[in-house]
Amino acid sequence: MIALTSPYIWYTSRISGVISLVMLTLVIVLGILISTRVGGRRVGRFEITEMHRSISLIAMIFLAVHVVTTVIDTYVNIHWISAVVPMTSSYQRLPVAIGTVAIDLMLAVWLSSQLKERIDPRAWRAIHFSSYASFVAAASHAYLAGTDEHATWGLIVLGGCVGTVVLATIWRILGRPERAVGRTALSPLEHSQDPYR
Amino acid sequence: MGRTVTFRMVVDPIRCDGFGHCAELAPELVTLDEWGYPILQVEPFPQSDRELHRSAQLAVRGCPRQALTLQKITAAQSSELPERR
Amino acid sequence: MTLELTTRRVLANHLDHPKTMTEHEADFGSSKGLAITIDELRQSGITGRGGAAFPTAKKVEFLLQQRRATRYVVVNAMEGEPAAHKDRMLLATNPHLVLDGAMVLANLLNADAVIVCIAREHVTTISQVKAAIAQRGARRLQGPSFEVQSPPGRYVAGEESALVHWLNSNETLPQYRPTRPALLQIGRGGVLLDNAETHANIGLIARHGAEWFRRVGTATRPGTTVTSVTGNGKAIVLEVAYGTPIRSILSEAGITYEPLALLLGGYGGTWLDGQHLDVGFDDDSLRPLGAGTGAGVIMALPPESCGVAECARIVDYMAKESARQCGPCAFGLPAMAEDLRALASGHNAGESLARLASRSAVIEGRGACRHPDGVVRFVRTALHVFAEDFNAHAAGHPCGFAHGAPVSYIPHQSDVKDLEWE
Numbered sequence: 000m001i002a003l004t005s006p007y008i009w010y011t012s013r014i015s016g017v018i019s020l021v022m023l024t025l026v027i028v029l030g031i032l033i034s035t036r037v038g039g040r041r042v043g044r045f046e047i048t049e050m051h052r053s054i055s056l057i058a059m060i061f062l063a064v065h066v067v068t069t070v071i072d073t074y075v076n077i078h079w080i081s082a083v084v085p086m087t088s089s090y091q092r093l094p095v096a097i098g099t100v101a102i103d104l105m106l107a108v109w110l111s112s113q114l115k116e117r118i119d120p121r122a123w124r125a126i127h128f129s130s131y132a133s134f135v136a137a138a139s140h141a142y143l144a145g146t147d148e149h150a151t152w153g154l155i156v157l158g159g160c161v162g163t164v165v166l167a168t169i170w171r172i173l174g175r176p177e178r179a180v181g182r183t184a185l186s187p188l189e190h191s192q193d194p195y196r
Numbered sequence: 000m001g002r003t004v005t006f007r008m009v010v011d012p013i014r015c016d017g018f019g020h021c022a023e024l025a026p027e028l029v030t031l032d033e034w035g036y037p038i039l040q041v042e043p044f045p046q047s048d049r050e051l052h053r054s055a056q057l058a059v060r061g062c063p064r065q066a067l068t069l070q071k072i073t074a075a076q077s078s079e080l081p082e083r084r
Numbered sequence: 000m001t002l003e004l005t006t007r008r009v010l011a012n013h014l015d016h017p018k019t020m021t022e023h024e025a026d027f028g029s030s031k032g033l034a035i036t037i038d039e040l041r042q043s044g045i046t047g048r049g050g051a052a053f054p055t056a057k058k059v060e061f062l063l064q065q066r067r068a069t070r071y072v073v074v075n076a077m078e079g080e081p082a083a084h085k086d087r088m089l090l091a092t093n094p095h096l097v098l099d100g101a102m103v104l105a106n107l108l109n110a111d112a113v114i115v116c117i118a119r120e121h122v123t124t125i126s127q128v129k130a131a132i133a134q135r136g137a138r139r140l141q142g143p144s145f146e147v148q149s150p151p152g153r154y155v156a157g158e159e160s161a162l163v164h165w166l167n168s169n170e171t172l173p174q175y176r177p178t179r180p181a182l183l184q185i186g187r188g189g190v191l192l193d194n195a196e197t198h199a200n201i202g203l204i205a206r207h208g209a210e211w212f213r214r215v216g217t218a219t220r221p222g223t224t225v226t227s228v229t230g231n232g233k234a235i236v237l238e239v240a241y242g243t244p245i246r247s248i249l250s251e252a253g254i255t256y257e258p259l260a261l262l263l264g265g266y267g268g269t270w271l272d273g274q275h276l277d278v279g280f281d282d283d284s285l286r287p288l289g290a291g292t293g294a295g296v297i298m299a300l301p302p303e304s305c306g307v308a309e310c311a312r313i314v315d316y317m318a319k320e321s322a323r324q325c326g327p328c329a330f331g332l333p334a335m336a337e338d339l340r341a342l343a344s345g346h347n348a349g350e351s352l353a354r355l356a357s358r359s360a361v362i363e364g365r366g367a368c369r370h371p372d373g374v375v376r377f378v379r380t381a382l383h384v385f386a387e388d389f390n391a392h393a394a395g396h397p398c399g400f401a402h403g404a405p406v407s408y409i410p411h412q413s414d415v416k417d418l419e420w421e
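Protein chains in written order, with numbering that gives the first Met the number 0: chain A, 0 to 196; chain B, 0 to 84; chain C, 0 to 421.
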């Protein structure tokens with residue numbers, strides 16, 4: 000294989016990784032806004048769903064760039080297989096493996112959503128929840144393998160992403176009106192009442 | 000003998016979780032009850048109403064739980080329509 | 000129409016114990032070789048005794064048309080309706096009639112198995128039916144195997160799609176079935192599901208024929224109906240021909256008072272004003288009055304009770320029995336229960352009356368099953384029959400009886416939040 004290395008490929012690998020994480024954060028926050036039924040007045044709920052879908056596509060694209068540039072760059076020795084099979088990289092085995100797990104989960108979420116009409120809704124839902132796990136893996140990977148995470152700006156970005164997702168998740172759990180036994184989600188309308196409170 | 004093709008939007012009430020996207024995307028066909036669940040127009044609309052058809056398609060695609068379907072009704076079937084909303 | 004007051008057919012020769020196989024065959028004739036044809040079934044005109052009154056022959060024909068390698072016959076003895084006791088009474092009296100009916104239908108359909116579904120709380124009935132099945136085993140009749148299954152006894156667990164769904168996946172959840180007729184399936188096998196009383200009648204038609212069956216009852220509702228009568232603190236079950244005047248049924252059941260009103264068909268049924276006692280107990284006679292027999296249930300409200308309070312109790316129960324899969328039912332029924340509670344007490348009931356009417360219109364027809372529709376029908380007929388009382392309560396002048404002894408039996412419901420919808 001041609002020795003293909005250049006600072007620009009390496010920089011692209013790093014920055015696309017950071018952008019992927021930021022995009023993932025946005026996607027998760029938008030997903031939480033959908034499930035908590037935010038919107039309907041100035042911003043349409045359907046618009047939030049559309050944004051969630053388009054930004055997830057953008058995230059996947061940046062993720063692909065991150066993977067491709069990391070693999071082809073011979074500065075670090077990572078083979079294609081390591082993109083999807085964890086623990087196969089000789090460079091930073093565990094940190095890369097965690098990133099691989101994140102990719103696997105995100106792929107599962109994204110693909111299952113592309114095939115949403117064809118798969119069982121409950122299966123889709125279960126897979127979709129692993130987005131949270133993929134975020135944890137992605138953030139851990141960013142911290143452990145990320146070259147920029149030892150720079151201030153890197154830590155700020157990472158901290159911002161993690162903080163945002165954590166807060167949004169807490170808000171989702173606490174802030175939602177109580178569900179009616181979980182089989183039917185409650186629509187938070189003005190005068191809605193939880194009959195079983 | 001007219002062969003009017005009409006359409007009607009139908010909801011699976013079990014899948015529906017009251018997200019309300021349908022009311023935003025097809026307000027001519029959907030209103031929400033006080034709990035956020037859709038009340039669908041019962042009368043079918045003609046295929047010739049392109050805008051309405053488009054709204055309905057967007058609503059069907061936009062439903063987060065895929066609870067909506069667009070039911071095609073030929074003139075022969077219209078007498079046997081079950082009364083669902 | 001023969002007007003025998005209590006026409007004992009499926010409840011014939013009631014003993015103090017469920018008839019054994021020997022006693023059963025001594026009374027009714029041998030069960031061996033018993034069979035029925037689809038023509039006989041059709042000519043009998045028998046309709047389902049589970050409340051929907053669907054022509055049984057049509058159901059069988061529909062299943063016969065489906066190409067299925069496997070078929071099942073399900074006997075619905077769930078009896079989730081609190082005001083009904085007739086399926087349990089039937090199985091405690093002539094269980095083998097029910098099993099005979101299921102057997103002949105299974106043979107007609109080439110079904111290998113009969114599944115008798117009994118609510119798991121009805122422990123006595125379960126053991127009675129299991130004993131009967133064991134007796135049949137010893138008797139070695141040709142035909143399907145029998146088994147008992149026991150889902151939890153929720154109100155909607157007896158709804159046919161919920162019952163079959165439980166048999167498939169252990170959850171008593173009614174299913175969305177947009178296309179009718181809809182085939183019920185266990186795995187890939189087609190299912191014929193009928194109420195226990197329907198099966199019992201078929202057990203008799205197989206012996207005596209369609210013409211015999213039609214000798215009592217009405218033209219559209221031939222045969223008898225095993226009816227549960229409540230209201231005086233007791234639960235009486237009697238078998239009468241369809242069309243028997245309600246007054247006669249009540250007096251035979253020991254109801255000595257002039258009822259304020261009648262609740263027909265159970266907690267999802269219809270109210271009838273107490274002045275209509277001379278109407279025949281069948282759907283054709285009751286329909287012009289906005290009522291129906293349902294699965295043969297009559298609750299006679301005594302004079303010193305409060306219709307509004309009874310409605311509040313019953314709708315509260317029905318709201319908590321919702322499977323909560325569909326928004327209009329999950330939220331609409333508790334909302335109506337709330338309005339009824341306000342009306343029953345007479346406090347802050349100003350807008351409740353109007354809301355009841357408008358919410359009924361909004362909720363109706365928007366669930367996957369008919370549970371909310373039953374409640375809407377119950378409320379609408381109540382608003383009509385108890386119009387004066389509702390108006391008085393709404394104006395803040397409740398009658399004195401709202402806090403009296405309740406009439407309707409409300410089963411214990413575990414805390415709603417923890418409901419097991421197994």
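Heads up, some of the hints might be wrong.
Here are the simulated SDA-like cross-link-like pairs (lysine to any residue), alpha carbons at most 20 Å apart as the crow flies [stated by the list, open to error]: (1) C:K58 x C:D38; (2) B:K71 x C:R179; (3) A:K115 x B:R60; (4) A:K115 x A:I169.
Residues of chain A clear of chain B, computed beta-carbon distances all greater than 10 Å [what the hints assert, rightly or not]: (5) R36; (6) T48; (7) E49; (8) H78; (9) A107; (10) P120.
Honestly, the hints are just simulated from the structure, not real lab data.
We treat Cβ as the ideally placed atom computed from N, Cα and C, and that holds for glycine.
*Pairwise hint evaluation, C:D38 against C:K58, where the allowed Cα distance is 20 Å at most*: Holds, because 13 Å separates the two Cα atoms, which is no more than 20 Å.
*Just double-check A:P120 for me: nearest Cβ-Cβ distance to chain B has to come out over 10 Å.*
Its Cβ does come within 10 Å of chain B, the nearest being 7 Å, so this is violated.
*Are the Cα atoms of A:K115 and A:I169 separated by 20 Å or less?*
The given pair, whose Cα atoms are some 27 Å apart, is violated under the 20 Å limit.
*Looking at A:E49 again, its CB stays over 10 Å from all of chain B?*
violated, 8 Å
*Would you say A:R36 is clear of chain B, with no C-beta pair closer than or equal to 10 Å?*
violated, 6 Å
*Cβ separation check - A:H78 to all of chain B, threshold 10 Å*: holds, 39 Å
*Given pair status - C:R179, B:K71, alpha carbons within 20 Å*: The given pair, whose Cα atoms are some 16 Å apart, holds under the 20 Å limit.
*A:K115 paired with B:R60 [C-alpha distance capped at 20 Å]*: holds, 11 Å
*Verify that the Cβ of A:A107 lies farther than 10 Å from every Cβ atom of chain B, and report whether the claim holds or is violated.*
holds, 19 Å
*Taking the shortest Cβ-to-Cβ distance between A:T48 and chain B, state whether it exceeds 10 Å.*
violated, 6 Å
The structure is inconsistent with the numbered hints 4, 5, 6, 7 and 10, although it conforms to all the rest.
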